[in-house]
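Peer 1: Spelled out, the chains give:
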Amino acid sequence: MSLTAADWLHKIHELPLSEPVKVMNVCGGHERSITMAGLRAALPKTVELIPGPGCPVCICPEEDVYVAIQLALHEAVIVVAFGDMLRVPVNVGKRDIRSLEHAKAAGADIRPIASPLEALQIAEQNPQRQVVFFAAGFETTTAPVAALLMQGIPDNLSLLLSGRLTWPAVAMLLETGQARFNALIAPGHVATVMGAQEWQFVVDQYQMPTAIAGFTPVSLLAALYSCLRQGLEHKPFLDNCYPQVVTEHGNLTAQQYLQQTMTVQDAPWRGIGNIAQSGFSLRNSEHDARVRFPDYAEPARKRAGEMPAGCDCARVVLGAIYPNQCRLYGSACTPRHPIGPCMVSDEGACRIWWSSGVRTFEPSSAA
Amino acid sequence: MCLGIPMQVVEINQFVARCTAKGVERDVSLFMLQHENLAVGDYVMVHVGYAIQKMTEEEAHSSWELFDEMVRLEEEALAAYQQGNKPNA
Ligand code: SF4
Chain A
1 MSLTAADWLH KIHELPLSEP VKVMNVCGGH ERSITMAGLR AALPKTVELI
51 PGPGCPVCIC PEEDVYVAIQ LALHEAVIVV AFGDMLRVPV NVGKRDIRSL
101 EHAKAAGADI RPIASPLEAL QIAEQNPQRQ VVFFAAGFET TTAPVAALLM
151 QGIPDNLSLL LSGRLTWPAV AMLLETGQAR FNALIAPGHV ATVMGAQEWQ
201 FVVDQYQMPT AIAGFTPVSL LAALYSCLRQ GLEHKPFLDN CYPQVVTEHG
251 NLTAQQYLQQ TMTVQDAPWR GIGNIAQSGF SLRNSEHDAR VRFPDYAEPA
301 RKRAGEMPAG CDCARVVLGA IYPNQCRLYG SACTPRHPIG PCMVSDEGAC
351 RIWWSSGVRT FEPSSAA
Chain B
1 MCLGIPMQVV EINQFVARCT AKGVERDVSL FMLQHENLAV GDYVMVHVGY
51 AIQKMTEEEA HSSWELFDEM VRLEEEALAA YQQGNKPNA
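If you read the sequences in order, they're chains A and B. Using this note's numbering, you'd call the opening residue of the first sequence number 1 and step up by one each time. Using this note's numbering, you'd call the opening residue of the second sequence number 1 and step up by one each time.
It cannot be assumed that every hint is accurate.
[Claimed, not checked] Here chain B is said to cover these stretches of chain A; the calculated rule only asks that three of the stretch's residues, wherever they fall, bring their Cβ under 8 Å from a Cβ of chain B: (1) 116-126; (2) 147-159.
[Stated by the list, open to error] Partial chain A-side listing against chain B, Cβ under 10 Å, derived: (3) Gly137; (4) Phe215; (5) Pro217; (6) Glu248; (7) Asn251; (8) Ser281.
If you're looking for bench data, these hints aren't it; they were derived computationally from the structure. The beta-carbon is built from N, C-alpha and C at its ideal position, and this holds for glycine as well.
Bound conformation, chain B alone (with noise of 0.2 Å):
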């Protein structure tokens, strides 16, 4: 629930945004950011669905990237517990 998730602005309706994240594309609360001058092509960090920062591209790209890894690592665990473990475990 915690996990927030850096996403980039493509349009901007009034206080919502459409942003995307590697190829997610979702509305965006931007109420919280109010006191911003947000524009397209800006990095938000986004918690459930709110802005909740401005941030630079370069932030937004280390956590897609820790993102990324923490995919495949849990994939990598699921697939080695439901072998190592058949039905029930």
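So that you can see chain A by itself, here it is in the shape it has in the complex (with noise of 0.2 Å):
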């Protein structure tokens, strides 16, 4: 028989668990999964399950929000992206356009997705129309891209592209001693197309505990458990804990796809700055939006790059603060009215904290 939640966590209460373990997770998901079930308060006080750079939406450059805005406005072109890019504002004078949804409503042709594959069809149903597809997120999103242009697009679609790796963010973390945790659970969703080994590094390189875990509480508690075991046997390994479908090296078909068609480059993170080789750039100038129009973007704009004032999503990307950590957390800033990324995406930590109920929280290792 098959361990249930309820298990786990008598599992972990039984660890003699006497120094603080800080886990970060990188993904979405698993935070949703976390918040919602409520595993923080039924945790041992000494653990504490920090969300991470998990949420593409959140780190996409402000700059290509900016530009696809522009394009929208100022091209005759269908602009089509995934839902949560339509909320996200860009930093813009109080008169001026400030996100997607908001050039929508005056007037441009822009259309929500849930797939690559719907732009094709809309590329498809207006062949003398431009369109342009403002692809953001993290790998498991960027390889269907890619699969989308490895089996051939029409020539009136092109795409402007923000896709990223989410290890190299871990690696800029630990590298910069800007780490928070000292143990992480990886994502199983990234793991299942590039392959679990790519976190082998966290292991190798910083001799931290590590585990991949699936969406369920059940697994998300396995990996839990299985940092703090390693970290109390002081023999750190990458535990898959979703070999359901998370193999040593991933669907080899997607990397395939993804290397004949993009690079991997240093990359900008809102907020954040560059990254070492975490952004995908197109190999092909031929669809590259960037290419196919004139360049938008206007760098000497005030707060080109950043998030909105008085947001700190980028900290809380990083895992430096808990979102109630932000004065404007449920004050300013609510999934109504957000005012950053991480409270406009369903992947982002703000929104998925407030929308879960949670009003305040304590760590228990309070900084």
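Assembling the complex is the task here: the two chains are given apart, and the hints tell you how they should meet.
Peer 2: What follows is the structure in structure tokens.
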């Protein structure tokens, strides 16, 4: 018989934990399961679960959103983007257009989609129009974009690509000594595509307990238990707690598509700056919207590339603070009136916490 | 965006499969699973309309249960939120 969530919790409580353990996750889906299932309250006081860089919408460069808005406003194009991207605000003057949603209300042709396949459909249905697919996302979303390119897309479809890799953000935190965690729960679906071995560096270079988890409370608790035990025994290893879909090398077909259509380069993360080898760029300029259309980036704009004024999303994303430690959380900033992208996106920690009813939270080992 | 949903294959047409999950039917691209020998009845993990991996029936069912539970919790939280905060909160 496999263990239930209650069994895992029991096993965790039985562990002789004395030192505080801080376990970071890097996936909005993990954070949602943890928060909605109320796992934090059920854990021993010494165990802290930190939401980390798991929200691609939150770190999508402000400049890229700005460019997408300008393309929609000034070129006769249809802009398609994942639904979450539409409400992400950029830093412009009070009377300027500040989001794709806002641009849509002003008459621009902007359409939310849930799949790259819909971008293709819209392009095929509108052969006389130019369609720009603003493709932001981590590996799990960028691989399907690569697959779309491999299959062949019509001439009138181009990409404004904003794809990012997850592991380089963790590597950056560890390398620069900013890591506030001492164990890692690695993302199950990123590993499904890219392979478990992508996370081996955390163990090899930093001797940090690491486990790959799926999205059920059982899978997350199994991964947490593994991390805690690895720490207690001082024997870190990469534990695959999601073997149902995660293999050592991942989906090789998907990785091959990524390699054939894109290169990996240093790339900016909103409010954070450049992270080495963390961004996908198109190999071929043929369907690159940045080549096809004039450059609308305005790097001299006030606060270009930054989070909105007063918003602490960058530190939330890096796991430096919890959402409720932002002073706008729940006051000026709510899902209905979001100030920053972490309250806009379904994968943003602020939104997940607020919509799950988290109003106050005291980390046990409060800084 | 990153939420994967397990679906069951009901029909395969080259690289596109008709898939179902809990009564909802959708077209799913199998382009990234060309190396797998997929058949009607198989389960796949679907992400933004693309199957990213084949999976077992058992794992599909436990993910569906989680999904139901999250929808229920989300609805509860939303109801509580709307009750506690009348318009404009
Ligand atoms: S609560 Fe709002 S303003 Fe504060 S970090 Fe989160 S999204 Fe940004």
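Peer 1: All hints are to be evaluated individually against the structure, with a verdict given for each.
Peer 2: Hint check:
no. : hint    : result
1   : 116-126 : holds (count 3)
2   : 147-159 : holds (count 3)
3   : Gly137  : holds, 6 Å
4   : Phe215  : holds, 6 Å
5   : Pro217  : holds, 7 Å
6   : Glu248  : violated, 13 Å
7   : Asn251  : holds, 6 Å
8   : Ser281  : violated, 20 Å
The structure fails to meet hints 6 and 8 from the earlier list, while all remaining hints are met.
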